[in-house]
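Work the whole structure out from these sequences, hints included.
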Amino acid sequence: MDLFKLISEIEKVDPEVYDRFDSRRRVFKHFGTMGKAVTAATLPALFSGLFTRAYGQTGTLPAEIAAVLNLALQLEYLEFYFYDTGLKSANLIPAAERPGIEKIRNDESGHIKVLRGALGSQAFSQTDPPVTAFDYTGGGRFPDVFTNQATYFGVAQGFVDTGVRAYKGGAPVLMPNKDLLEAALNIHSVEARHSSHIRSIRRGSPGAMPDMNNLNQKPKSWISGTDNGGSAPPTTTPIYGPGTPATGGATDIFFPAESNITQAGVNIQTNTTGVAITVAGASESFDEPLDANTVKSIARLFRAPGNTVLFA
Amino acid sequence: MSDAQSAFRPQPEVPPRRTFLRQAGAFTAASLLLAACGDDDDPEPTPAPTSFELPTGDAGLVSYLFLLERFSADFYQRVLATPAPDLSAADLAVLRDIYRHELMHRDLLASVIKENSLVSDLGVSSLVAFEFNYGTFALTSRQGVLAAARTIEDLGAAALCGAVQLFSSAVYIQLVTRLTATESRHSAAVRDLLQPGSFAAAEVVPNTGADAGFGLALAPAAVLTELSKYTALPITGNGLPTT
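In order, the protein sequence lines correspond to chains F and D. The UniProt record's numbering puts the first sequence at residues 1 to 312. The UniProt record's numbering puts the second sequence at residues 1 to 243.
Among the hints, erroneous ones may be present.
Said to hold, decoys possible - Here are a few chain D residues that face chain F, going by a calculated C-beta distance under 8 Å:
#	residue
1	S111
2	T151
3	C161
4	V164
5	S168
6	A181
7	G197
8	G215
9	L218
To be verified - Pairwise CB distance ranges (calculated):
#	chain 1	residue 1	chain 2	residue 2	range
10	D	Q77	F	N214	38 to 44 Å
11	F	S121	D	Q77	28 to 34 Å
12	F	G139	D	N207	42 to 48 Å
13	D	E203	F	Q149	27 to 33 Å
14	D	N133	F	G117	56 to 62 Å
15	D	T50	F	D128	35 to 41 Å
16	D	E53	F	N148	53 to 59 Å
17	F	N214	D	L80	50 to 56 Å
18	F	P130	D	L92	43 to 49 Å
19	D	R78	F	S121	50 to 56 Å
20	D	D86	F	V131	42 to 48 Å
21	D	E203	F	R300	34 to 40 Å
22	D	E53	F	V309	51 to 57 Å
23	D	E226	F	T262	30 to 36 Å
Please keep in mind that the hints were generated in silico from the structure rather than gathered at the bench. Computed from a prediction, not measured in an experiment: that's the story for all the values here. In this text, a Cβ means the ideal position worked out from N, Cα and C, and glycines have one as well.
What follows is the structure, encoded as structure tokens:
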């Protein structure tokens, strides 16, 4: 059987076949990487997997998967409008930093598109929520968020760091659907890049020294311990703290604080050979997930008064 | 071994029957591929190339990530042993942090391999004995060191993005997601040091098309091809999962 011929036959009756896959490139990626393993016996499984992916999602996503994706989508809107509003605010973002913030805003826009595509009619809203659905002052805690550069980037760091942990927290629920899992973890890696960049802006430049005694203002590009509570403790402290449940066995799903130094039941500080590792250093090498309820309680601070849809 | 550690055994060894089927499948695939080459009816039987073959399944994926972490940890060890003179104190602080993170990743994956008997003793010693050659990188200047680090961190981040969902065990997926964010932070930090604002440039996070906003993901086969440029013996992973 000729896989490429079959796809081109399908294309004749369904011109949108490629759009049903993630993209033309990815169709060929799937086939390309399968190349060596394809046998007569594995072909039916390959095809059913591929076409379930392409056509099967006209059905309904399981409720728990839709819930994870909807929380992610709402967080993406929170971030998108935050960067978009920042870019439209005069004298806020220095000229040198504008391209980076534009890149981040545009990445969030791509994430929104993909999440909407996966959710279809199950999206929390069929239209984009307005910017007024959000309150970036956090209920008055950050009144100068769009006029004070330090406040703006401090809040930005809170958003990106919450996003990184939220996507990781959703992974166990998405596991039954490998394509959604792949997409979510990929977005998560991009959020981590954004976090690294925002943190370098906050410490002065990519080449500025962090200050372990003042991580609130001069953080590293990675999270050290609980980062001293983040940019604006106590408001930002929960972003780096434990979720629920906070503890568990090596194979359980749990959400320790970012200061955690035990992975797979192994203490990574004492497990490491070659150089002495500090507790803060040990915590930096692995990022921790956060559960949906904790993420929502952090994010609810930034929805407009009276809004009960977002982060419900 | 503590109870907590021995509990970290998410996936039993591949049962013999599955191994047999996998091998049978590989032979079938080879014959199908040969049959497909219509203008080459009489292929010469060629001796197997000398290469290091990773184990199959989750064990292979953990070994694969272990080798990548060794590759990057060895690199930073070398860079920091005789640092390029024009690296700033802040550059060195970043490189030292990354070095330590890679050591921790490497040694944790080694522990996971060992405590779960994922690969044979012989396989473990082969993984540890692997020598990497960084000769193609220019490591005597800041520019050269950071460019090399960028190459290595971009590869590591793309490898993790491409590998994490290939695991069959949920426990490994959770463990590896915790690594993915850190490696992506490394890639972004090194990129920003080399060229401010390039933390998510189009070559690692495309700006347009269906993949806009998505990080570059590489399948293990592509990563191993790249990694093999730095080894005397090519590393292959024909038994690694592809979906």
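Hint by hint, here is what the structure shows:
For S111 of chain D, the interface hint holds, since its Cβ comes within 8 Å of a Cβ in chain F; the closest pair sits about 5 Å apart. The closest approach between the C-beta of T151 of chain D and any C-beta of chain F is roughly 16 Å, which is over the 8 Å cut-off, so the hint fails. Here the hint on C161 of chain D is kept, as its CB sits about 5 Å from the closest CB of chain F, short of 8 Å. Using the Cβ-Cβ criterion of 8 Å, the hint placing V164 of chain D at the interface with chain F is satisfied: the shortest such distance is roughly 5 Å.
At a threshold of 8 Å, the smallest CB-CB gap from S168 of chain D to chain F is about 10 Å, leaving the interface hint violated. Given the 8 Å rule on beta carbons, the hint for A181 of chain D holds: about 4 Å separates it from the nearest Cβ of chain F. Taking 8 Å as the C-beta cut-off, the interface hint given for G197 of chain D holds, the closest approach to chain F being about 5 Å. About 4 Å separates the beta-carbon of G215 of chain D from the nearest beta-carbon of chain F, less than 8 Å, and the hint is met.
For L218 of chain D, the interface hint is violated, the least distance from its beta-carbon to any beta-carbon of chain F being 10 Å, above 8 Å. Roughly 30 Å separates the CB atoms of Q77 of chain D and N214 of chain F, a value that falls outside the hinted 38 to 44 Å. Roughly 53 Å separates the CB atoms of S121 of chain F and Q77 of chain D, a value that falls outside the hinted 28 to 34 Å. Between G139 of chain F and N207 of chain D, the C-beta spacing of about 35 Å breaks the proposed range 42 to 48 Å.
Between E203 of chain D and Q149 of chain F the CB atoms are about 29 Å apart, so this pair conforms to the stated range of 27 to 33 Å. Against the hinted window of 56 to 62 Å, the Cβ-Cβ separation of N133 of chain D and G117 of chain F comes to about 44 Å, which falls outside the hint. Between T50 of chain D and D128 of chain F the C-beta distance comes to about 57 Å, which lies outside the given range of 35 to 41 Å. A C-beta distance of roughly 58 Å is found between E53 of chain D and N148 of chain F, which places it inside the suggested range of 53 to 59 Å.
Checked against the hint of 50 to 56 Å, the C-beta distance between N214 of chain F and L80 of chain D comes to roughly 26 Å, which is inconsistent with it. For P130 of chain F and L92 of chain D, the hinted distance range of 43 to 49 Å is satisfied, since their beta carbons lie about 47 Å from each other. A C-beta distance of roughly 55 Å is found between R78 of chain D and S121 of chain F, which places it inside the suggested range of 50 to 56 Å. The given range of 42 to 48 Å is respected by D86 of chain D and V131 of chain F, whose C-beta atoms sit roughly 46 Å from each other.
E203 of chain D and R300 of chain F have their C-beta atoms about 37 Å apart, which keeps the hinted 34 to 40 Å range intact. Taken as a hint, the range 51 to 57 Å holds for the pair E53 of chain D and V309 of chain F, whose Cβ atoms sit roughly 53 Å apart. The given range of 30 to 36 Å is respected by E226 of chain D and T262 of chain F, whose C-beta atoms sit roughly 32 Å from each other.
Hints 2, 5, 9, 10, 11, 12, 14, 15, 17 from the list above are not met by this structure, while the remaining hints are.
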